[in-house]
Amino acid sequence: DSGVTQTPKHLITATGQRVTLRCSPRSGDLSVYWYQQSLDQGLQFLIQYYNGEERAKGNILERFSAQQFPDLHSELNLSSLELGDSALYFCASSVEPGANYGYTFGSGTRLTVV
Amino acid sequence: GENVEQHPSTLSVQEGDSAVIKCTYSDSASNYFPWYKQELGKRPQLIIDIRSNVGEKKDQRIAVTLNKTAKHFSLHITETQPEDSAVYFCAASNPSSGGYQKVTFGTGTKLQVIP
Chain R
1 DSGVTQTPKH
11 LITATGQRVT
21 LRCSPRSGDL
31 SVYWYQQSLD
41 QGLQFLIQYY
51 NGEERAKGNI
61 LERFSAQQFP
71 DLHSELNLSS
81 LELGDSALYF
91 CASSVEPGAN
101 YGYTFGSGTR
111 LTVV
Chain V
115 GENVEQHPST
125 LSVQEGDSAV
135 IKCTYSDSAS
145 NYFPWYKQEL
155 GKRPQLIIDI
165 RSNVGEKKDQ
175 RIAVTLNKTA
185 KHFSLHITET
195 QPEDSAVYFC
205 AASNPSSGGY
215 QKVTFGTGTK
225 LQVIP
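Protein sequences, first through last, are from chains R and V.
For the first sequence, the positions run 1 to 114 when the numbering used here is used.
For the second sequence, the positions run 115 to 229 when the numbering used here is used.
Heads up, a few of these hints could be off.
In silico lysine-lysine, BS3-like type, Cα no more than 30 Å apart, as pairs [as the list claims (entries may be wrong)]: (1) R/9 with V/156; (2) V/182 with V/172; (3) V/156 with V/136; (4) V/172 with V/185; (5) V/156 with R/57; (6) V/136 with R/57; (7) V/156 with V/172; (8) V/185 with V/224; (9) R/9 with V/224; (10) V/224 with V/156; (11) V/171 with V/156; (12) V/224 with V/182; (13) V/171 with V/182; (14) V/224 with R/57; (15) V/185 with R/57; (16) V/136 with V/224; (17) V/172 with V/136; (18) V/182 with V/136; (19) R/57 with V/182; (20) V/136 with V/185; (21) R/57 with R/9.
Hints are computed from structural coordinates only; laboratory data are not their basis.
Generate coordinates for the entire structure from the input sequences, incorporating the hints supplied.
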């Protein structure tokens, strides 16, 4: 157990639907990062939050949004889902705004859009 | 922005042989270089990292070297074992505004160790 908790582990939904992925960072970590990993692909950075504030945006679609709550957990909202959104979504956390000591990744949420 | 290139994309070695994965980066301000191992269906895990003030770091069978002048860094795995089979990602981290470090990942190397 890495200390970063992601729920749910698996999600199957239909095109056009909306889902919410949840992440609880490791205790003491203030930064949360979201990554998308499609089949046999690399890690695509979506968005980062630090202590409740958005810090950086990557290749995140307008249909996707995220937030970090006062208790530091984060949610990634994916709407108007398309088949191509099927992927493994990872959350990672680190103690400071950057990642000078590396990320700790959660186990991921596997999203399947049918 | 930073660009990280990783080679090779796939690598097959015989058990007991060495494996080398190479990455290059473009931003000379990058100062932290972690490596992650991702086994099939699992989360990426940090296995070793190196900072820009160090040229080499070793941890048992794995080592990482950094050449700041040439802007490249490499992962070396010696005496490979079947459990080393995984996808390995390099990354480069550089400071951005507001104390934020921006991390850019390489595209990954799928290592297969043949028993």
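Cross-check of the supplied hints:
no.	hint	verdict
1	R/9 with V/156	holds, 11 Å
2	V/182 with V/172	holds, 18 Å
3	V/156 with V/136	holds, 23 Å
4	V/172 with V/185	holds, 19 Å
5	V/156 with R/57	holds, 25 Å
6	V/136 with R/57	holds, 27 Å
7	V/156 with V/172	holds, 25 Å
8	V/185 with V/224	holds, 22 Å
9	R/9 with V/224	holds, 24 Å
10	V/224 with V/156	holds, 14 Å
11	V/171 with V/156	holds, 26 Å
12	V/224 with V/182	holds, 25 Å
13	V/171 with V/182	holds, 14 Å
14	V/224 with R/57	holds, 27 Å
15	V/185 with R/57	holds, 25 Å
16	V/136 with V/224	holds, 13 Å
17	V/172 with V/136	holds, 16 Å
18	V/182 with V/136	holds, 14 Å
19	R/57 with V/182	holds, 27 Å
20	V/136 with V/185	holds, 11 Å
21	R/57 with R/9	holds, 24 Å
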